[in-house]
Amino acid sequence: MSRGTTDVFMSRNGKRMLALFFAGFLVFLYLPTILLIIFSFNASTVIAFPLTGFTTSFYSAAWQNPEIKGALIASLKVAAGTAVVATALAVLVSYALARKSLRFKAGVSALLLLPLVVPTVVLGVSLLVLFRPSDPIIPIPLGLWAVLIGHIVIALPFCVLLLLPRIASIDKRLEEAAHDLGASGLTTFRRVVLPLILPALLASLIVAFVVSIDEVVVASFLVQDQATYPVYLYSGLRLSGQTSLLMPVATVMIVASTILILAAALISRYGERRVGLAR
Amino acid sequence: MPAWVLGVFFAALVIGAVFGPQLSERYGGWIRTGAFLLLLAPFLTIPAGNNLLRVAELSSEGDFLRLFFRSVTMATTSAIWAVIIAFPIAYFLAFGIKKSKYIWLLIVIAPFLTSYLLRIFAWKIILGDQGLFNSALFELGLRDPDNPVSFLIYSQFTVILVLLYAWVPFIILPIFIALESVDRRLLEAATDMGASRLQAMRKITLPLAAPGIVAAFLFVFIPSIGEYVTPSLVGGNNGYMFGQAIASQFVGGALNWQTGSVLSIFLLCVVLFLALSTSRFLRAGGGATT
Chain F
1 MSRGTTDVFM SRNGKRMLAL FFAGFLVFLY LPTILLIIFS FNASTVIAFP
51 LTGFTTSFYS AAWQNPEIKG ALIASLKVAA GTAVVATALA VLVSYALARK
101 SLRFKAGVSA LLLLPLVVPT VVLGVSLLVL FRPSDPIIPI PLGLWAVLIG
151 HIVIALPFCV LLLLPRIASI DKRLEEAAHD LGASGLTTFR RVVLPLILPA
201 LLASLIVAFV VSIDEVVVAS FLVQDQATYP VYLYSGLRLS GQTSLLMPVA
251 TVMIVASTIL ILAAALISRY GERRVGLAR
Chain W
1 MPAWVLGVFF AALVIGAVFG PQLSERYGGW IRTGAFLLLL APFLTIPAGN
51 NLLRVAELSS EGDFLRLFFR SVTMATTSAI WAVIIAFPIA YFLAFGIKKS
101 KYIWLLIVIA PFLTSYLLRI FAWKIILGDQ GLFNSALFEL GLRDPDNPVS
151 FLIYSQFTVI LVLLYAWVPF IILPIFIALE SVDRRLLEAA TDMGASRLQA
201 MRKITLPLAA PGIVAAFLFV FIPSIGEYVT PSLVGGNNGY MFGQAIASQF
251 VGGALNWQTG SVLSIFLLCV VLFLALSTSR FLRAGGGATT
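Chains F and W supply the protein sequences, listed in that same order.
For what it's worth, the working numbering labels the leading residue of the first sequence as 1, then goes sequentially.
For what it's worth, the working numbering labels the leading residue of the second sequence as 1, then goes sequentially.
Quick caveat, the hints were computed from the structure, so don't treat them as lab data.
It is possible that some hints are incorrect.
To be verified - Simulated crosslink set (DSS-like; lysine-lysine; CA at most 25 Å straight-line):
id, chain 1, residue 1, chain 2, residue 2
1, F, Lys15, W, Lys203
2, W, Lys98, F, Lys15
3, F, Lys172, F, Lys105
4, F, Lys15, W, Lys101
5, F, Lys172, F, Lys100
6, F, Lys15, W, Lys99
Stated by the list, open to error - A few chain W residues that don't get close to chain F, going by computed Cβ distances all over 12 Å:
id, residue
7, Gly34
8, Leu38
9, Thr77
10, Asn147
11, Phe157
Glycine included, C-beta positions come from ideal geometry on N, C-alpha and C.
The shape of chain F in the complex, shown without the other chains (with noise of 0.2 Å):
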């Protein structure tokens, strides 16, 4: 900072001390996570230091256990499912309210968002009410099938929040210009939506992806003899013995996490770039 500025928000010393206390922030959120990635390569079942040394047995036991494969399986299927769906549904929805003048919108998009201030657990249990084996009111079999609804729905405002906006952000004269050249609405919307939503409509799948692969509590009312890898995971927490096994399943799933998640901050802030200068 420059001599005669003098700075309106914190003293230096006030600075100083915020400073420490986002440092030891830091640390109290990265620390938890990176102490289990640590110990997932340890060489013991037994969780303290000093560390016996490295290992990845867990890791090859973890691959080769059919339980952890298979749920990981089925939650690869059920997370690919979501994407799709949630993200075909919710661009259908954001253009309906970004173009079309529909009446009660603001009413529309509250139910839409609907499912973000609903407690998962209701959500879960309503569903089983809903698929119950016994007399269903759907006749949809409690399962894989059942998770993915689920999924859909949780993921559904997620995917409309990141779509609305950029659907709602394109010039309409794009549009207008297109189809008085002679474009049907499909190819308006094929070579001129389309291009400029690409950004959002890719993040929209990723992040649909990750709330379903990380879902738990609803994917836990609903399975059946296939569990998806939280509800496997989870139920070995419950158990709470064996945590070794555990530990290769959930360092996988922190990273690949991650990865898909700073994907998909990137592609949404370069499609931000790409629809301004569209405009």
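With chain F held as given, fit chain W onto it using these hints.
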């Protein structure tokens, strides 16, 4: 009363609650509030002996209403502490850091976006019966391996700790955005006129950032009331929460779907009421997060 009459009644109330303000500019707020009070009425009607929550009550789990208030207390505690921790962080990020502010912001927020379950797991590694803390105690001979300090992992304290850990990174964002939009010239004017930094902060920065702070509080408070995963993994008996009571009616020991449904609808009404009546703040904070 046939079930469908009840269904239509409830549907009308929900529609009134959600669409109230749009149906009528002038009385919208009243329609909404009235609809919600009516929705909550069956649960809380006096005389207490007859209301739905009492009917749903089970001796093994005690009073559901008391359990509910315990959850509310825990959610309040978490939300207040979360704001107290998040505010200085957001303040430092907004005003203390000049270079690559947004990278730091991302570093702080990123953990929120990775799995919730894993963050609970990470605390179990530290505080669990066989965790780091206890093994250190065994090592030092302060505690017998058969007798670990288990209040560390199964208690109300741990539930609140984990909730804080989970939510603080997220609510830094709305506070940060509120602080960023504070016009720096106002503060310069205040200092020029002789106000101390503390006065300027109290009279200018805090009031201007208030909507963001309120949004931050609600972002923690509302989801924490119905929290289920955290207390069932680290809560133990004394951290037992309302969300678990609901789950136990469906898949756990109690197994009474009717009771569970009553409890769910009650929780849903409370949460919706909170969210809709504070939607002004939520939108301010939520709009900022997109």
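Hint check results:
A C-alpha spacing of about 20 Å is found between Lys15 of chain F and Lys203 of chain W, which places the hinted pair at or below 25 Å, so the restraint holds. Distance hint between Lys98 of chain W and Lys15 of chain F is fulfilled; the C-alpha atoms sit about 12 Å from each other, no more than 25 Å. Our distance criterion of 25 Å between C-alpha atoms is met by Lys172 of chain F and Lys105 of chain F, whose separation comes to about 19 Å. Only pairs whose Cα atoms come within 25 Å are accepted, and Lys15 of chain F paired with Lys101 of chain W is accepted, the gap being roughly 15 Å.
For the proposed pair Lys172 of chain F and Lys100 of chain F, the alpha carbon gap of about 12 Å is at most 25 Å, so the pair holds. Restraint check: the Cα-Cα separation between Lys15 of chain F and Lys99 of chain W comes to about 15 Å, which is no more than 25 Å; the hinted pair holds. Distance check for Gly34 of chain W against chain F: the nearest CB is about 17 Å away, which clears 12 Å, and the non-interface claim stands. At roughly 19 Å from the closest C-beta of chain F, the C-beta of Leu38 of chain W stays outside 12 Å, upholding its exclusion from the interface.
Every Cβ of chain F is farther than 12 Å from the Cβ of Thr77 of chain W; the closest lies at roughly 18 Å, confirming the non-interface assignment. With a least beta-carbon separation of about 16 Å from chain F, Asn147 of chain W lies farther than 12 Å from that chain, consistent with its non-interface assignment. With a cut of 12 Å on Cβ distances, Phe157 of chain W stays outside the contact zone with chain F, its closest approach being about 15 Å.
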